[in-house]
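Trainee: Protein chains in written order, with our numbering: chain A, 1 to 286; chain B, 1 to 339.
It should be emphasised that the hints constitute simulated quantities derived from the structure, not laboratory data.
Check the hints yourself; a few may be wrong.
What the hints assert, rightly or not - Going by beta-carbon spacing under 7 angstroms, a handful of chain B positions derived as facing chain A:
(1) Ile136
(2) Phe137
(3) Asn151
(4) Leu154
(5) Gly155
(6) Leu217
(7) Leu221
(8) Tyr310
(9) Ile314
(10) Ile315
(11) Phe318
Ideal Cβ placement from N, Cα and C applies to all residues, glycine included.
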Amino acid sequence: MIAAILDGIVLGLQYGLLGVGLTLIYGLAGVLNLAHGQIAVLGAVVVSVQMGNGMAAVPAILIGLAASSAALLVVDLTIMRAVYRQSGETRILLGLLLMLGVAFIIDGILVWKYPIERLGLRIGGDPIAILGVKMSRGSLLASGITIAAGLVLVVFFMFTKFGLAVRSVIQDEQGARLVGVNPARVRTFVFGLSGVLAGLVAVTRSMTGPIGADNTISLTILALIVAVVGGLRSVPGAFVAGVLLGIVDRLSSFYIGTYITTIILLVCAALTIVIRPTGILGGSSG
Amino acid sequence: MTAVDETPTTESPMPPPTRSSPSSSIVLAYAPILVAAALLALVPLRYGDTGSTMTVATEGMAFAAYAIAFNIIFGSTGQLFLCVGALAGTGGFASAILADRAGLPMLGAMVVASLCSAFLGGILSWVSVRRALDTIFIGIVTLAFSLSFQNLILGQREWTGGETGIFVEAGKDTILHDRNPSYYVFLGLVVVYLTIFRALQRSRTGWAFRALRDDQLAAELSGVDVARYRVLAGTVGSAMLGFAGALFAHSGRGFIGPSTFSFGDVDVRVLVMLVFGGLGSLLGPVIGAVSLTVLDEVLIDYAQLRPIFYGSVIIVFFLGFRRGVVPAVTDLFRRRRRR
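From just these sequences and the hints, can you work out the full model?
Mentor: Listed below in structure tokens is the structure:
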């Protein structure tokens, strides 16, 4: 039981970061990034290729994160321009469908060029006991990195000027423009940031199990579920939802079964939309 | 104004179309269906001897049927149902199980299975109307349903065969398993579906569809029962999906598995077909299905590149149409091609 919960927290932290990446882009640009998992795996594959060429892990990871980030930046600066000129339902629908197209293109490229490339970062050393449960060093390092990334995000959004500018655009784009914030610049920045977060999730996940082209869709779906349960516009909501769903995931896999677990997570998302669309933390934003 | 039972009346929020005379208009309205049917009926004359080509062509017709049904739900009332495969699969698996396990006659099983799909689609539609969900949220909820369905198929091995799928016994000794006749059965289904689509368009329901799609508030204010028509479109479209899925299950290979009705294999293709052919138009789904089926055959050696191609089609067409023919995606719905 405790083992399952601890496992769930490890998993949930990653889910949270996954959901935050999706939430940032939706909250800011109204674009539901259905390519989030693809962007993440793209980064992991780049890391794997670099390391295969003999590069050390840390610089390879940095290049991988840059690749994920660059992919989303390109999307923001090219096809998304057309989306931003729209408003309301049209904008959201167009953004969703275009990102679906992007997802297929990245998926296609990954399966075509790197069908068997897998990133599996093995963290050596004996397991460490926490609350009497032996946790692998890989899980702990992954969680440590995720928590650190979360803290950086909190500091960024709470205490830096640019972070506050991002939050202001999420809350009220028109108002932000009036006080001198340039929404287009903020948007581009957030696309890049979301790409880095996506890549980071793939890299940390590879510390507990290999990541490759066949993980793209499941990662996108997880990101979507977490973001929806978090309320789609609330960054803290996404993080909390991620941790909770991670625990639900592990407990349910442990006691009920794997395929039911996926259904439970999906039902959580559907019920959130139908019953409480503002998500787990209510109407808070930013 | 006596050509059709439910001719549009003056209370409609849309102006009536210009028509020369009632009798010629009904010919004009249904002529495209006849032309398309006549052209498609020629396919077996050319390829009737090549078994593999006819199998592909029959599958193409099944997809055309899915696309027409999806066109009623998404193209006509703007409800983004990302569960085309799941609704068709509900029909397919339910019909197979009812016929093979419960011993229902095949046609009866197909009807009951379509009712199951209609019920599910109706519920999804009703919930989204009741909760006033935006397009994107309907998309997410139906996607969740889609993926849950997929997992259920994989999980309920005893009924669905899990990953390996099941062989469908019912239908084995019917024309559905003869190569060319089964193509004509599916072509017949497409013609029936097109006729339903056109009849809906021309009826009062069609006026309501257009009104609520163009401006929901205005439609509501002028007395259109928006909720009712949305649920109607969701239910009718889902029933059509279920029936097409059931027919598919009993035909051809006599085999259905998890990928027969999966999101990646059905929904995406149907969406690409519809976008390719023209959202909301009568023949768009058929043109899209035929084009994509032909393209898939031509590019068969490059099957790996298919996802890249699909993705590009989605992006190029949504960007292109938006800029070119009409200013916005939702305006695509507004387009009504009379051919």
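Trainee: All the hints need checking, so say for each whether the structure fits it.
Mentor: These are the hints, each one checked on the structure:
Interface restraint check: Ile136/B against chain A, minimum CB-CB distance 5 angstroms, threshold 7 angstroms, status holds. The interface hint given for Phe137/B holds, since its Cβ lies 5 angstroms from the closest Cβ of chain A, which is under the 7 angstroms cut-off. At its closest, the beta carbon of Asn151/B sits 5 angstroms from a beta carbon of chain A; the interface hint therefore holds under the 7 angstroms criterion. Evaluation of the Leu154/B hint against chain A yields a held restraint, the C-beta minimum of about 6 angstroms falling below 7 angstroms.
Nearest Cβ of chain A to the Cβ of Gly155/B: about 4 angstroms, under the 7 angstroms cut. The hint holds. Residue-level restraint check for Leu217/B is violated (minimum Cβ-Cβ distance to chain A is 13 angstroms; threshold 7 angstroms). At a threshold of 7 angstroms, the smallest CB-CB gap from Leu221/B to chain A is about 19 angstroms, leaving the interface hint violated. Hint on Tyr310/B holds. Least Cβ distance to chain A is approximately 5 angstroms, under the 7 angstroms limit.
For Ile314/B, the suggested interface contact is upheld, since its CB lies about 4 angstroms from the closest CB of chain A, less than 7 angstroms. Hint status for Ile315/B: holds, given a least beta-carbon distance of 4 angstroms to chain A, under 7 angstroms. Evaluation of the Phe318/B hint against chain A yields a held restraint, the C-beta minimum of about 5 angstroms falling below 7 angstroms.
Checked against the numbered hints above, the structure violates hints 6 and 7; every other hint is satisfied.
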